[in-house]
Amino acid sequence: MNNGEQHRSGHVVVGVDTHKYVHVAAVMDAIGGILATLTIPTDTGGFQQLADWAHSFGRVLAFGVEGTGSYGATLASFLRRAGHKVVEAGRPDRRLRRMNGKSDTLDAENAARAVLAGFATATPKSADGEAEMIRRLKVAHDQAVEQRTAAMVTMKAMLVHAPDPLRQETAGKTQIALARHLAALRPRRLEAPEDALRHALRTLAKRWQYLDTEAKELTQMIADLVDRAAPQLLEPFGIGVDTAAEILVVVGDNPERIKSEAALAKLAGIAPVPTGSGMTSGRHRINHGGHRQLNAAIYRTVIVRMRFHQPTIDYVARRTAEGKTKREIIRCLKRYVIREVYHLIRPANHTVTAPS
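Under numbering that gives the first Met the number 0, think of the first position of the sequence shown as 0, with each following residue one higher.
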């Protein structure tokens, strides 16, 4: 046995820096440090090569994979199905990058060190069920809604320069009625700016109608999936399909990875961050991290409850009388909602009641 082998534990972790076409891996022994690196293609053959290569160094404790929600998603899924523990390695520390430089190999080594040191512990989403299906449909839905809005804004901006008769015909119409009216225009030959305007308005109106139909179809598909995956999320007051879909996308198909209500609150950017130091101990600030779309969805739920949910209205009145500001009350209510959501996505836990 050579001197290098005498200082190996036989237990290794593997860090992977992921990219679109190739992944770079580094294997690290628990006491022997970095042992070797490997570059693989991003296909099933490359993933199997990585797994076999890692096993050749000993028992693999875990794979630390960067970007498990993007370029590393397929690799993470392959390793999970093969029975390996997969951890989200996260981005390398910027201070280390400034001091040591950056390369794919260094990033892979840093991912392995983060796993071995216990800094990287997050379990990635499994992305193999209804939650992943909802996420993919929401990508298409949100883009359709965004482009539909852009088309309507452009139509209304162009109508400012339209002839008086056309402006009078379209004044006060709803978006659907406006699109229907403009789509029915019969443009003449292109002989004047007004003819070009009619062509443009007709094209934009037809585009809006197509995107509107597409968005509605995707909304229905998302609603069906939400009702199939977690109908209990639709029962609380103020939580609609959009909010429930956002919750499922963030939680993923393996909600057991979220160990506590506080962890979900942190994931949603709702848990306060301590900022005390010296004589200012006990102070906190808003957490500006977390999933901003979920944070916004929870905020909308709180606003709906503050307007129409009597127990919440009573709670707001009581806390206002105690001297709390509206902003502080909303923060408290967001924590109530996220706590309620946590127990809904983990049915084995006890239920909680809304503020009263």
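These are calculated hints, taken from the structure and not from any lab test. Wrong hints could be hidden among the right ones.
[Stated by the list, open to error] Here are the computed lysine to aspartate or glutamate pairs in the DMTMM-like style, where the Cα-Cα straight-line distance is at most 25 Å:
hint	residue 1	residue 2
1	Lys333	Asp141
2	Lys137	Glu255
3	Lys137	Glu193
4	Lys137	Asp241
5	Lys101	Asp28
6	Lys205	Asp226
7	Lys172	Glu193
8	Lys215	Glu193
9	Lys333	Glu255
10	Lys205	Glu193
11	Lys84	Glu255
12	Lys265	Asp127
13	Lys155	Asp194
14	Lys137	Glu234
15	Lys265	Glu131
Keep in mind the model is a prediction, meaning the values are calculated, not measured.
Quick rundown of the hints versus the structure:
1. Lys333 with Asp141: 24 Å, holds
2. Lys137 with Glu255: 23 Å, holds
3. Lys137 with Glu193: 38 Å, violated
4. Lys137 with Asp241: 9 Å, holds
5. Lys101 with Asp28: 22 Å, holds
6. Lys205 with Asp226: 32 Å, violated
7. Lys172 with Glu193: 21 Å, holds
8. Lys215 with Glu193: 33 Å, violated
9. Lys333 with Glu255: Answer holds: Lys333 to Glu255 is near 22 Å, not above 25 Å.
10. Lys205 with Glu193: Measuring from Cα to Cα gives roughly 18 Å; hence the hint holds.
11. Lys84 with Glu255: 15 Å, holds
12. Lys265 with Asp127: Distance ~24 Å between Lys265 and Asp127 Cα, so the pair holds.
13. Lys155 with Asp194: Holds, at about 17 Å.
14. Lys137 with Glu234: 21 Å, holds
15. Lys265 with Glu131: 21 Å, holds
Taken one by one, the earlier hints fail for this structure at numbers 3, 6 and 8, listed in ascending order.
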